[in-house]
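2 protein chains.
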Amino acid sequence: MDIYQFLELFVGRWRSQRSDHQFGEGNGSDVRSVIEITVLSFDDPDLINICQKHGIDPNTAIQPMKMSWEEESLSSNKPKGHALIVPIPDPSSPQKGLILTRQGKGTYELGTDEALTIQTVTSQNAIEERIWYGNPNLRFRVATLLQGDQASDRRVQSSKFYSEIRSTAPKA
Amino acid sequence: MDIYQFLELFVGRWRSQRSDHQFGEGNGSDVRSVIEITVLSFDDPDLINICQKHGIDPNTAIQPMKMSWEEESLSSNKPKGHALIVPIPDPSSPQKGLILTRQGKGTYELGTDEALTIQTVTSQNAIEERIWYGNPNLRFRVATLLQGDQASDRRVQSSKFYSEIRSTAPKA
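Chains A and B, in that order, are what the protein sequence lines are. According to the working numbering, the first sequence holds residues 427 to 598 in order. According to the working numbering, the second sequence holds residues 427 to 598 in order.
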């Protein structure tokens with residue numbers, strides 16, 4: 427798509443839904459969580475396990491990570507979980523490559539606009555995630571879920587917008 | 427920023443706020459609007475006026491448009507307004523260029539990931555807008571407001587996430 431085609435698609439009547447995120451004191455009623463992202467060592471058993479599952483040498487990964495999250499909730503049984511993020515760069519062009527997760531295998535590409543796009547396709551659905559920084563301590567993410575067996579009849583089901591503020595310095 | 431630097435910034439503890447947009451029947455309590463985007467003819471007085479203000483030949487614009495919006499509201503006095511969007515491509519590289527609006531002058535760039543980034547800087551603040559399509563009838567936008575007189579001490583103030591569903595076919 428070039429800029430002409432992109433702008434042509436603007437034209438029309440649209441129904442718009444807007445969520446506002448403020449970066450001051452009180453926020454709205456959206457879902458809030460604390461997320462902790464740590465780097466995995468190359469001998470981490472979870473990392474080795476996920477790479478073996480996909481037949482990939484763990485040493486070809488860059489910055490393998492574990493993301494743990496816990497929702498803020500008044501109940502004592504707070505929703506929480508964790509996920510692995512294992513980027514495997516394309517050797518000839520590291521700005522793109524594979525992302526291994528426990529759920530499956532996706533592709534990533536860092537665009538010229540410094541936004542990272544991750545596409546994960548399974549037999550039932552597809553997830554597209556876009557991640558970029560407002561500044562080094564402010565991260566934006568939009569995750570879009572498409573459902574449908576065939577690529578041709580996939581429909582966008584929902585989108586989630588996250589704004590994430592770093593609450594400690596990055597660990598070395 | 428390359429992919430290594432991008433991923434390094436992931437690491438740390440983050441406070442996350444999430445807004446969910448569903449594309450079915452009932453939605454949440456966010457701000458909803460109807461937006462209508464139409465193409466302006468090159469002899470449109472508003473287009474000629476805004477181009478003259480910036481000393482730019484209106485015939486160098488591509489797809490000049492008018493965007494009208496009206497918020498859904500139970501009150502009879504519904505918030506509404508309109509804006510002009512006048513892209514002036516860089517002659518040697520049309521994927522980037524200027525965007526003229528009545529508020530000022532910004533720059534645009536369509537990235538390799540098919541997301542359009544628009545930056546508008548004024549003396550008091552800066553707005554960064556990212557726009558991309560989930561499909562030709564579903565548009566996503568994130569607008570981020572940065573405040574501060576100097577680029578060096580600009581702070582991100584707020585972000586707005588829009589998901590927009592086309593409700594009529596594009597006009598030719």
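Honestly, the hints are just simulated from the structure, not real lab data. In this text, all values refer to a predicted model and were calculated from it rather than measured experimentally. Mixed in with the good hints, there may be bad ones.
Treat identical chains as interchangeable: a pair holds within one or across any two.
What the hints assert, rightly or not - Computed cross-link-like contacts, EDC-like style, restricted to lysine to aspartate or glutamate with a CA-CA straight-line distance of at most 20 angstroms:
no. : residue 1 : residue 2
1   : 586       : 470
2   : 506       : 446
3   : 506       : 496
4   : 522       : 539
5   : 522       : 434
6   : 522       : 579
7   : 586       : 446
8   : 504       : 446
9   : 531       : 554
10  : 504       : 472
11  : 586       : 496
12  : 492       : 434
Each hint tested on the structure:
1. Taking identical chains as interchangeable, the C-alpha atoms of residue 586 and residue 470 are never at most 20 angstroms apart, the minima being 31 angstroms within one chain and 39 angstroms between chains.
2. Taking the shortest alpha-carbon separations for residue 506 and residue 446, only the inter-copy value of 18 angstroms comes in at or below 20 angstroms, while the best intra-copy value is 24 angstroms.
3. In this assembly of identical chains, the alpha carbons of residue 506 and residue 496 lie at most 20 angstroms apart only when taken from the same copy (4 angstroms versus 39 angstroms across copies).
4. Within a single copy, residue 522 and residue 539 get their C-alpha atoms as close as 14 angstroms, and across copies as close as 11 angstroms, so both meet the 20 angstroms cut-off.
5. In this assembly of identical chains, the alpha carbons of residue 522 and residue 434 lie at most 20 angstroms apart only when taken from different copies (16 angstroms versus 29 angstroms within one copy).
6. Taking the closest pair of Cα atoms, residue 522 and residue 579 never come within 20 angstroms of each other, the shortest separation being 27 angstroms inside a single copy and 33 angstroms across copies.
7. For the homomeric pair residue 586 and residue 446, the shortest alpha-carbon distances inside one copy (13 angstroms) and between copies (5 angstroms) are both at most 20 angstroms.
8. In the homo-oligomer, the alpha carbons of residue 504 and residue 446 lie at most 20 angstroms apart only across protomers (19 angstroms), although the nearest pairing inside one protomer, at 25 angstroms, exceeds that limit.
9. Proximity of residue 531 to residue 554 under the C-alpha cut-off of 20 angstroms is restricted to the intra-copy arrangement: shortest distance 12 angstroms within a copy versus 32 angstroms between copies.
10. Taking identical chains as interchangeable, the C-alpha atoms of residue 504 and residue 472 are never at most 20 angstroms apart, the minima being 24 angstroms within one chain and 55 angstroms between chains.
11. Taking the shortest Cα distances, residue 586 and residue 496 sit within 20 angstroms of each other inside one copy (17 angstroms), while across copies they are farther apart (24 angstroms).
12. Taking the shortest alpha-carbon separations for residue 492 and residue 434, only the inter-copy value of 13 angstroms comes in at or below 20 angstroms, while the best intra-copy value is 41 angstroms.
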